[in-house]
Amino acid sequence: MLAALLVAGAPVLGAAGLERLVGLLGVAGLLLVSAALAAGMIGLLPWGVASLGGEYVAWLLVRGGEVDDRAPLYAGGLLLVAELGYWSLEHRGVAVSETPLTVRRLLTVALAVSCSVVLGAALLGASAVELGGGVVLELAGVLGALGVLALVTRLVWRERREP
Amino acid sequence: MIRAATPKLGAYAGLASLGLLMALVLGRPELVVLAAPFALIVALGVALAPDPRPRLSVRLDRQRVLEGDEVSVELELESERPIAHLELLLALPDGLELAGGSNPVALQLPDAEPRTLELPLRCVRWGGYAVGKTTLRARDRFGLFVYDGELDLSTPLKVYPRAEALREAIRPAETQVYSGNQVARHRGEGIEFADLRPFVTGDRMRRINWRASARRNALWVNEQHPERNAEVVIFLDSFAEARRGESSTLDLSVRAAASLLAAYVGHRDRIAFVSFGGILRWLVPGTGLTQLYRVVDSLLDTEITLNYAWKDVDVIPARTLPPQALVLAVTPLLDERAVSALLDLRGRGFDLGILEISPVPFAEPAASESEALASRLWLLRRQALRARYERAGVAVAEWREGTPIAVALEEVTAFRRSARHMRV
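Protein chains in written order, with the working numbering: chain B, 2 to 164; chain E, 3 to 426.
For the record, the hints were derived by calculation from the structure and aren't laboratory data. There's no promise every hint is true.
Stretches of chain E that chain B covers, calculated by requiring three or more beta carbons in the stretch to come under 8 Å of a beta carbon on chain B [to be verified]:
#1 28-36
#2 120-128
#3 290-304
#4 335-348
Pulled a few chain B residues facing chain E out of the computed Cβ check, cut under 10 Å [to be verified]:
#5 Leu7
#6 Leu32
#7 Ala36
#8 Ala51
#9 Gly55
#10 Leu62
#11 Arg71
#12 Tyr75
#13 Tyr87
#14 Ala111
#15 Ala113
#16 Ser117
#17 Ala122
#18 Leu147
Just so it is clear, the structure is predicted and the values come from calculations on it, not from any experiment. C-beta atoms are modelled at their ideal positions from N, C-alpha and C, and glycine is treated no differently.
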């Protein structure tokens, strides 16, 4: 919850006017995450994370202008909220975890969040490289993104249908 | 093990897709940055999903214990591949409870070395159990997949009822021909003094009672009661039970029967067993510890089986009820079939004693006036039933949990001592 509060509060901190309104999405995200954790409704958690992400997107759109350098930190924060949320919900089972297992999971979450920050920074850096632009490059980007989407969708679809 | 995707997989894939789509629509690279970690975890999770094949073995430190004892279950886990998260649940049958440790437990199997878990179990109730049915659930490193499996490595565990030590058991009216610890009613070679009689030719010199002979100026000899064994049939009524929570009249009946069996085997008597109920079980008479274990094993299988068929003593094999045997019935006197069968046995001339396992403490307290009236009527009917048995020369002693069985048995003995031995 603390991680979700930080992620929700960061875009509206020191904001004024219309930028404050995007905080409503953050509040919605917080409510969804807390409802998911309190009621054990695992299906609500991704909606909460999406709302928190939506708050940041709305803030970007309202703000406009240059690329936000803090995006990797938001990505790490969102991943942290999601990972800790799922961990909390999984932990509601009656199984008692051994200490090495808890430590290992904590390290895995920390590593995943750190990697996401590094990956985000690398992606932002790559996006800043001037390649001259053009339709071909734009098309390659769109096709690449769609390809990643198709690949992930296919993998997930296959796993869900053929357990 | 059966693999299934967790909700996390769909959620992460959905978040990644949403982020990438929005990035395409809005043309903001920050959205790619937001979506990338989720996409990367999904891709890595799907690509690196392991196929865990844990092997498990279950061992019990003892396979025969007494009620209330503890037994240790050793679970040895092994896997060729490391398992990041493994949950293990050992199914515990009713009557066994965890005395320590955690069940279920979540652990990791980092390498090929076997892990051993010890779970102490307390045997709360007598019975025959199968321990070892285990449910396993493994998760991958990212928590995107679960692998469920069940292993049935059942090991038998027998929990014997804790018998009360009885110094004295009910003495049978008649004894058999073999030597034992019961003092026979007839006279012969033995230790217990019976009577004096005049000397006749052929009497041994050592049997002459010199003091009596000197007083009467003629030779008188001592007569003794010989020590013989007896045949005892434990008749367990398993037609019906009264239950409240974990305790029932059947539980008490089995404990009482086990105590009686142990006492008679200690006296070197031949014991037989009849479980008269929805399912009829019997064991022909035998003696010694082997017979005791045979009967107690049979006791463990006793359960209440609903059956509407009318049964009488004719269904019991004749060899199980030897003539002149003492039949000790352990019954809550709840089912009309058992009540009639016992009267029938008495009518056939069997030496019968009844240890009544009182169902009264198991009855719910009356909540209204009509219920109180019904309860009083029921108690009066039970009293009338006891009187009916007593008129037939059968001793009925009530036993309730918390009081020693020996007290109830003493009541039976006292009745048999004072009551006229009746033939009906």
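Status of each hint after checking the structure:
1. 28-36: As far as the stretch 28-36 of chain E goes, the hint holds, because 8 residues have Cβ atoms under 8 Å from chain B.
2. 120-128: violated (count 0)
3. 290-304: violated (count 0)
4. 335-348: violated (count 0)
5. Leu7: Given a least distance of 16 Å, the restraint on leucine 7 of chain B is violated.
6. Leu32: violated (18 Å)
7. Ala36: violated (15 Å)
8. Ala51: Holds. Min distance 6 Å.
9. Gly55: Holds - the Cβ of glycine 55 of chain B comes within 10 Å of chain E, reaching about 9 Å at its closest.
10. Leu62: holds (7 Å)
11. Arg71: Nearest chain E Cβ about 9 Å off; hint holds.
12. Tyr75: holds (6 Å)
13. Tyr87: Tyrosine 87 of chain B check passes; min Cβ-Cβ to chain E is 5 Å, inside 10 Å.
14. Ala111: violated (13 Å)
15. Ala113: Constraint on alanine 113 of chain B satisfied, holds at 7 Å.
16. Ser117: holds (3 Å)
17. Ala122: Result: holds, 8 Å to nearest chain E Cβ.
18. Leu147: At 8 Å from the nearest chain E Cβ, leucine 147 of chain B passes the 10 Å test, so the hint holds.
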